[in-house]
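**Student:** Sequence:
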Amino acid sequence: MQQIDWQDFMKVELRVGKIVQAEVFEQARKPAYILHVDFGEELGIKKSSAQITQLYQPENLLGKLVVAVVNFPKKQIGPIQSECLVTGFHNAEGHVALCVPDAEIPLGTKLL
1 MQQIDWQDFM
11 KVELRVGKIV
21 QAEVFEQARK
31 PAYILHVDFG
41 EELGIKKSSA
51 QITQLYQPEN
61 LLGKLVVAVV
71 NFPKKQIGPI
81 QSECLVTGFH
91 NAEGHVALCV
101 PDAEIPLGTK
111 LL
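Taking the UniProt record's numbering, I'd label the letters of the sequence shown as residues 1 to 112.
Think of the hints as simulated: they come from the structure by calculation, not from any bench.
You may find that some hints are simply not true.
The calculated label-pair distances, taken between Cβ atoms and stated as ranges, are [stated by the list, open to error]:
| # | residue 1 | residue 2 | range |
| --- | --- | --- | --- |
| 1 | Phe72 | Glu41 | 18 to 28 Å |
| 2 | Gly78 | Val20 | 19 to 29 Å |
| 3 | Phe89 | Gly40 | 22 to 32 Å |
| 4 | Gln57 | Arg29 | 15 to 25 Å |
Heads up, the beta-carbon is just placed ideally off N, CA and C, and yes, glycines get one too.
Please take these sequences and the hints and turn them into a complete structure.
**Tutor:** What follows is the structure in structure tokens.
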């Protein structure tokens with residue numbers, strides 16, 4: 001495992017956001033959703049493509065708090081530009097489970 005220093009870690013903007021819209025990403029090569037995540041007044045709403053279809057339905061994602069990297073450059077994924085990376089972990093079956101706060105956190109709060 002490569003070691004990083006504190007300054008490297010501080011460059012990563014991991015922020016709390018709330019999913020306000022989720023839809024099937026019809027044009028994706030692998031099953032995915034387009035998520036619209038609200039990061040509060042400072043950052044606003046950002047889009048992300050997420051391959052989380054095995055464990056989640058779009059209607060169950062609405063209002064869910066997530067942790068996302070918000071300072072990657074935008075990435076073109078088919079017809080959309082992904083503006084953030086919603087984080088998650090692979091479970092034993094290889095399906096992605098979202099990384100979520102276990103309490104209400106103000107939108108846009110940075111992980112420290």
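**Student:** So the hint says 15 to 25 Å: do the beta-carbon atoms of Gln57 and Arg29 match that?
**Tutor:** For Arg29 against Gln57, whose Cβ atoms are near 21 Å apart, the range 15 to 25 Å holds.
**Student:** Do the beta carbons of Phe89 and Gly40 sit within 22 to 32 Å of each other?
**Tutor:** holds (25 Å)
**Student:** Go ahead and decide if the range 18 to 28 Å is satisfied by the Cβ distance of Phe72 to Glu41.
**Tutor:** For Glu41 against Phe72, whose Cβ atoms are near 21 Å apart, the range 18 to 28 Å holds.
**Student:** Does 19 to 29 Å hold as the CB distance between Gly78 and Val20, or does it fail?
**Tutor:** holds (21 Å)
Of the numbered hints listed earlier, not one is contradicted by the structure.
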